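K.L.:
Protein chains in written order, with full-length UniProt numbering: chain A, 1 to 99; chain B, 1 to 268; chain C, 1 to 302.
Hints were generated in silico from the structure; no laboratory data involved. Quantities reported herein were computed from a predicted structural model and do not represent experimental measurements. Just so it is clear, CB atoms sit at the ideal spot from N, CA and C, and this is done for glycine as well. Treat each hint with caution, since some may be false.
[As the list claims (entries may be wrong)] Pulled a few chain C residues facing chain A out of the computed Cβ check, cut under 8 Å:
1. ARG23
2. CYS68
3. GLU79
4. ALA109
5. ASP112
6. ALA114
7. THR211
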Amino acid sequence: MLTRVAFVLGALLLFNAAYSTVQYRNFLKMAEKDQSGLPIDIVLQTLAAMVLATWAIVEYTAPFKNIHGSNERVRYDAVDNRPIFYSFQHRGALLFKKQ
Amino acid sequence: MAPAAIPLLLDTSIRDWVLIPIVIVMFLLGIVRHHITELLKSDRIDDKAAKAALDGQGLLRARVLRANGRFLSPLAFQMRKNFFTQADGGDDSKKGWLMQERPKPANPMGDPSQMMGMLKNNMSFVIPQMLIMGWINYFFSGFIATRVPFPLTVRFKMMLQRGIELPTLDASWVSSLSWYFLAVFGVRGLHTLVLGEGNAADQSMNMQQMAGMGMTPNPTVDMNQVFKAERENLDLCVHEYALANIERALLDTASVSATSTTSKLKQH
Amino acid sequence: MVKQQSVSQMKARLSELRKTNQRQSELVLELAEAIQSGQGARSLAAAFSDEAERWDVLEQVARAAMDCGRARPTRGEEESLAATLVKQLAARFPESNRVKLLQGELFEAQGDWAGATQLYDELLTETPNHAAATKRKAVIFKSRGDIPKAISVLAAYVQQAMADYEAWVELSELYLSRGDFQRAAFCFEELILSNPLSPVYHIRYAETLYTMGSLENLQLARKHYANACKIQPDDARSLLGLYMTCSALNSEKFIKQRTPINEELEAFAVSRLKQLYSKQASAPQLECLNETFSKMALTTSS
Numbered sequence: 001m002l003t004r005v006a007f008v009l010g011a012l013l014l015f016n017a018a019y020s021t022v023q024y025r026n027f028l029k030m031a032e033k034d035q036s037g038l039p040i041d042i043v044l045q046t047l048a049a050m051v052l053a054t055w056a057i058v059e060y061t062a063p064f065k066n067i068h069g070s071n072e073r074v075r076y077d078a079v080d081n082r083p084i085f086y087s088f089q090h091r092g093a094l095l096f097k098k099q
Numbered sequence: 001m002a003p004a005a006i007p008l009l010l011d012t013s014i015r016d017w018v019l020i021p022i023v024i025v026m027f028l029l030g031i032v033r034h035h036i037t038e039l040l041k042s043d044r045i046d047d048k049a050a051k052a053a054l055d056g057q058g059l060l061r062a063r064v065l066r067a068n069g070r071f072l073s074p075l076a077f078q079m080r081k082n083f084f085t086q087a088d089g090g091d092d093s094k095k096g097w098l099m100q101e102r103p104k105p106a107n108p109m110g111d112p113s114q115m116m117g118m119l120k121n122n123m124s125f126v127i128p129q130m131l132i133m134g135w136i137n138y139f140f141s142g143f144i145a146t147r148v149p150f151p152l153t154v155r156f157k158m159m160l161q162r163g164i165e166l167p168t169l170d171a172s173w174v175s176s177l178s179w180y181f182l183a184v185f186g187v188r189g190l191h192t193l194v195l196g197e198g199n200a201a202d203q204s205m206n207m208q209q210m211a212g213m214g215m216t217p218n219p220t221v222d223m224n225q226v227f228k229a230e231r232e233n234l235d236l237c238v239h240e241y242a243l244a245n246i247e248r249a250l251l252d253t254a255s256v257s258a259t260s261t262t263s264k265l266k267q268h
Numbered sequence: 001m002v003k004q005q006s007v008s009q010m011k012a013r014l015s016e017l018r019k020t021n022q023r024q025s026e027l028v029l030e031l032a033e034a035i036q037s038g039q040g041a042r043s044l045a046a047a048f049s050d051e052a053e054r055w056d057v058l059e060q061v062a063r064a065a066m067d068c069g070r071a072r073p074t075r076g077e078e079e080s081l082a083a084t085l086v087k088q089l090a091a092r093f094p095e096s097n098r099v100k101l102l103q104g105e106l107f108e109a110q111g112d113w114a115g116a117t118q119l120y121d122e123l124l125t126e127t128p129n130h131a132a133a134t135k136r137k138a139v140i141f142k143s144r145g146d147i148p149k150a151i152s153v154l155a156a157y158v159q160q161a162m163a164d165y166e167a168w169v170e171l172s173e174l175y176l177s178r179g180d181f182q183r184a185a186f187c188f189e190e191l192i193l194s195n196p197l198s199p200v201y202h203i204r205y206a207e208t209l210y211t212m213g214s215l216e217n218l219q220l221a222r223k224h225y226a227n228a229c230k231i232q233p234d235d236a237r238s239l240l241g242l243y244m245t246c247s248a249l250n251s252e253k254f255i256k257q258r259t260p261i262n263e264e265l266e267a268f269a270v271s272r273l274k275q276l277y278s279k280q281a282s283a284p285q286l287e288c289l290n291e292t293f294s295k296m297a298l299t300t301s302s
């Protein structure tokens with residue numbers, strides 16, 4: 001929930017910063033000033049929006065997996081499992097009989 | 001500063017009514033194309049495709065033999081090498097697997113059913129592309145659509161400024177047709193997001209033809225050539241037995257680790 | 001056992017079992033029942049709102065039901081659990097090959113060999129060299145106890161589809177069960193080619209060679225055991241195998257071909273084994289182990 005809100009907030013901030021930039025540039029054009037540089041608050045807003053949105057996206061998608069992959073190694077009793085070759089003629093019918 | 005920075009003020013209607021609609025139309029068209037291709041696709045794997053898949057497996061085994069054969073004993077390696085490349089002495093049953101002849105690739109003009117398959121695949125790509133380009137040329141020609149943010153040389157003017165007859169205009173200002181080409185690649189990313197990988201709206205896959213190893217073999221690949229290449233590779237392959245001195249190597253690593261542990265112990 | 005978990009945890013456990021290929025059929029059935037009752041759903045399918053997951057789960061539970069004797073109707077049931085689930089899948093995916101395969105497996109579980117064979121033959125005529133159908137036909141023979149026929153079906157398959165390593169593994173096991181070590185060794189060679197860095201196949205190959213027992217086989221077995229020790233140090237199975245092979249080569253039978261490296265390897269294996277066990281075993285266990293080692297004549301001191 002928090003990550004979703006954070007992402008929306010980050011995206012909105014980014015749009016706001018972009019729109020402000022366009023408006024600022026138009027203002028500079030009309031005032032015929034030198035068109036370079038942006039006011040510091042727009043820059044800060046862009047950076048903050050980027051950080052927020054990146055963090056939110058990364059957190060929102062699936063949780064991180066272990067880098068060593070040790071938990072993903074095949075269990076010893078599952079090493080030889082070949083599902084396509086499973087035979088159903090075994091004692092399971094008796095062992096796991098529904099009581 | 002580069003001359004391209006001299007600003008030309010473009011009407012914002014261009015952005016509203018040209019740039020954005022082109023992107024939207026291409027995106028939606030891609031989705032339509034994807035679904036139509038899915039509907040037209042036939043699931044049947046015919047005999048030829050089945051055989052080609054088996055050939056692919058044999059080739060894979062030959063390649064694996066080349067790559068990892070050094071872990072087998074020389075006898076086992078030679079046995080398998082013979083299986084693949086043995087020249088027959090007139091006796092067909094002794095022929096190596098890679099020495100087999102495969103039918104020459106079918107001339108696409110000659111085989112009507114195959115041609116229909118190829119046509120169907122191309123239909124969904126070529127015709128919409130031609131239609132869109134015609135549409136863009138009709139509606140969106142004669143004006144500058146946008147500017148690419150980097151300077152370009154004069155050569156690009158011919159390609160990117162079709163319909164704009166201004167010889168002194170910077171090559172960075174481009175027409176809507178080039179915006180269309182840009183959008184082709186841009187929209188591909190969107191398609192992957194929305195439709196998943198390998199979707200039929202992705203034209204770039206169609207442009208790269210892969211060798212016929214997968215389920216849908218390329219009928220124009222000559223299996224004889226592939227076999228011959230593999231045969232030669234296998235002939236050239238020399239068996240460097242990786243396990244020749246493995247016992248000595250194991251003892252050496254053991255003694256190395258033993259001395260390192262003892263030296264560690266000494267330090268304490 | 002499963003009652004303390006929430007429904008979503010149980011669904012996650014089911015999905016984990018699916019992904020890691022484990023054959024824990026009793027657990028799967030328990031989980032399925034618990035999920036269905038936990039959500040108060042009419043049927044198992046209704047308990048899963050995610051479409052994609054739903055049908056995967058039905059397939060998984062159907063196979064688990066076949067494993068636990070629910071392929072035939074039990075007392076008080078009109079239709080067996082497995083049959084119900086397969087019917088639901090067939091209703092949703094009428095033309096699917098995958099569902100047909102499951103249907104065939106149901107026939108097998110019910111003992112209806114003719115029905116299953118017929119279904120697989122249909123699949124094969126529709127889709128030539130449909131790998132799964134050929135493999136299931138081999139399994140039918142295996143289930144009926146006719147291992148030679150199963151071997152011949154699989155061997156014919158593998159001659160065509162040479163890169164299907166699952167089939168090679170199954171074939172190797174079938175050969176071993178018949179004591180045909182020569183051919184089993186061939187299968188293991190294929191598997192080593194496919195995956196040379198995995199110690200498993202080297203160890204199994206070496207074990208087969210050791211069983212066959214001639215001089216060349218023992219020497220080759222020693223090489224492969226050594227390789228396995230190198231790839232995976234401190235693996236008791238490969239160390240023990242190395243020791244057994246070396247002591248076999250040291251025996252009277254091969255006295256003419258004795259080499260000094262054999263003694264070194266044997267000593268190495270013994271010392272490593274003792275190190276390994278002393279790290280992991282408690283004192284009384286170690287005593288027991290030392291006694292076992294001495295009875296096996298691991299005489300080198302270290």
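K.L.:
Determine for every hint whether it applies to the structure shown.
P.N.:
A quick look at each hint next to the structure:
1. At about 6 Å, the closest approach between the beta carbon of C/ARG23 and any beta carbon in chain A falls short of 8 Å, and the interface hint on this residue holds.
2. With its C-beta approaching chain A no nearer than about 4 Å, C/CYS68 sits inside the 8 Å limit, and its interface hint holds.
3. Checking C/GLU79 against chain A: minimum C-beta separation of about 14 Å lies over 8 Å; hint violated.
4. Hint status for C/ALA109: holds, given a least beta-carbon distance of 4 Å to chain A, under 8 Å.
5. At a threshold of 8 Å, the smallest CB-CB gap from C/ASP112 to chain A is about 11 Å, leaving the interface hint violated.
6. A cut of 8 Å between beta carbons decides the hint on C/ALA114: the least distance to chain A is about 16 Å, and the hint is violated.
7. Of the supplied interface hints, the one on C/THR211 is violated, with its beta-carbon coming no nearer than about 19 Å to a beta-carbon of chain A, more than 8 Å.
The structure fails hints 3, 5, 6 and 7 (numbered hints given earlier, in ascending order).
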